Amino acid sequence: MKIDNNQLLRFTTAGSVDDGKSTLIGRLLYDSKAIFEDQLAAVETTSKKKGHAGVDLALFTDGLRDEREQGITIDVAYRYFTTPKRKFIIADTPGHIQYTRNMVTGASTANAALILIDARNGVIEQTKRHAFIASLLQIPHLIVCINKMDLVDYSEQVYNDIIIQFEEFSSKLYTKDIQFLPISALDGDNVVNRSTRMDWYQGAPLLHTLEHMHISSDINKIDARFPVQTVIRPQRDEFIDYRGYAGRVASGIFRPGDAITVLPSGFTSKIKSIDTLEGTLEEAFAPMSAAITLEDDIDVSRGDMIVKTNNKPTPTQEFDAMLCWLHNDAARPRAKYTILHTSNEQKAMIKEVLYKIDINTYSREEENKELGMNDIARIKVRTTRPLMIDEYRDNRITGSFILIDDATHETVAAGMIL
Amino acid sequence: MSRYYLNYLDELESEAIFILREVWAQFQNPVILFSGGKDSIVVTHLAKKAFYPSRIPFPLMHVDTGHNFPETIRFRDDLINELEAQLIVGSVQESIDQGRVAEERGKNATRNALQITTLLDAIEMHKVDCAIGGGRRDEEKARAKERFFSHRDDFGQWDPKNQRPELWNLLNGKHFEGEHFRAFPISNWTEMDVWNYILRENIKIPSLYFAHEREVVWRSNSWIPVSEHLKLEDGEKVLTKKIRFRTLGDITITGGIESEADTLEKIVTEVAAMKQTERGNRSDDKRSETAMEDRKRQGYF
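The listed protein sequences derive, respectively, from chains A and B. With the first letter of the first sequence counted as 1, position 254 gets the number 254 in this note's numbering; the numbers rise by one all the way through. With the first letter of the second sequence counted as 1, position 39 gets the number 39 in this note's numbering; the numbers rise by one all the way through.
Hints in this document: simulated from the structure, not taken from any laboratory. As the structure is a prediction and not an experimental result, all values here were calculated from the model. We put the beta carbon where it would ideally sit given N, CA and C, even for glycine. Honestly, I wouldn't trust all of these hints.
Claimed, not checked - Restraint ranges, calculated between C-beta atoms of paired labels, are given here:
id : chain 1 : residue 1 : chain 2 : residue 2 : range
1  : B       : LYS231    : A       : ALA41     : 48 to 58 Å
2  : B       : GLY178    : A       : LYS336    : 45 to 55 Å
3  : A       : ARG334    : B       : ASN162    : 21 to 31 Å
4  : A       : LYS49     : B       : THR240    : 35 to 45 Å
5  : A       : ASP237    : B       : LYS204    : 18 to 28 Å
6  : A       : LYS49     : B       : GLY66     : 35 to 45 Å
7  : A       : HIS208    : B       : GLY178    : 30 to 40 Å
Generate the whole structure from the sequences, applying the supplied hints.
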């Protein structure tokens, strides 16, 4: 298998208990030969025990004991498969309403989102919810799988009607790349192999779509941002004066000789070298991990950001954000939380909740402003020190943050900067 | 196509290095849990990269069951010397001698479960606040839901239903005294990725992974190596076979497969054609459908 230039594609799947999401993932894994014999044997045994005819593909993705007992997915589960073209990571997230937080989590790093629609039911509230979250988290590519086509006689009319229903509301979303596919996960139609029962569909099957989707432009290559994670100062004689600023390029491209500014201090210098164990690099781009050394001996530490002098983010202490509340304990108005933004940790306060969003109708709610689990709201944040922010729509790394409750150390909210 | 993208192994490597540096930045006393198996060897290799030109800034911790392959221990000691790293050993034998745990009885008795106590004791004794492991989400269904930073309460227990959400690349390692974290930098790697990476980076691994002649008996569908700890049962015959191991655990429970793969290239080719999962030869996972989840809840690796 030739693997040298294969890219990694992360996608998230959202669907409800009944629309065949687990079956679809099982089908992808099974038909792309990512299932081993002993896994298959275990699933065959369980299928028989439960009285299913044949192999229940959905069982491949069953995880924890509680989930097996309740027959629903509780938490994000990650699945892997590789084809000769790409390596895939699936963030499999539960679809029911109380688990918005898991959908948001799975969506945060995804290149693509798969949304499943049961062809018999068409667009339902949950479809809108999933599409909204994909748009809110700025997943670049959306694939709408209209599933269970076998149960609607593979009807082109049904398929086209659902596309129209979807487009009626999706015009309000940010997602630009939306593709539709008629599939039957149960029988494998248009999943890995082209369906012979839907000649009217001219597009590619799902796997082909995933393999060929253009994802190189998903990462911002314009605005050079390097959040410093830690400073490397070797205790070895041969490197006595070495100061390497270790981090992962968040966006853009850095080269030796580049004029840089360290934020928030504003000190300027030039990049001397970009180092790895294998030697120095001529350039580093997102999402590479590297260590940067500078021409001048200036004070740089964790939480600082190295940027190009001619393209700087805005250091700011007050900004608007879309916030998803992730915790059972409701937000405390004007309370202080720890904010984690890139490698920078500060204190922050939710100054004001402007409005909440009903993710089923996309309407604003301006009366009830209490933030509880799974709520999504536009808020005003104030931080004790400046953060080096970009808008989330331009940069998913320097435009995102989490809030941590100091009393419990739990992650309570995820934010996207506007 | 633009040249500004990483191939998947480079992206996985970069992600793992990012996580290792976050561990170093967010914790006071991290260690790498080192078993001598390929996954912990890869994690150690990644740590070397993450902090170059510094040495790996934290110790390696080995939970020694006393039922080791001698090759593993030799390999461990050579690697420690080469890296100029510090080694901490937690001994299951000592835990038994101190009466902290009792040996399992019966036919398939192993020291696998006993490691949990020794591991948690060592973590407490050395005030470890983050133990870095080579766990991968593709290994087992309970691991598929593991986080990069996985919280353990002050009894060392994992609560799969109450995990912190992990978004973007923001890792929350905050904890109270007595609690600790497990960190899994190669969560997103599969067995195939690990082997391809070992091949690409030419990483040294114990000779046990390569096909070699060994005295074995056929038990539970795999070739169990003959050792001082193995009691032959009626009808079992000692044979000499050319075998290799896909994973390394205790010598008492790690079964080998017949193989001619005596180079890294041949191993990669063989693994690519495998029809069984690598843990299919580990009897510790076969005890029940949720064997791994149950052990993880209690504080297993």
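ask   = Of the hints stated earlier, which fail here?
value = 1, 2 and 7
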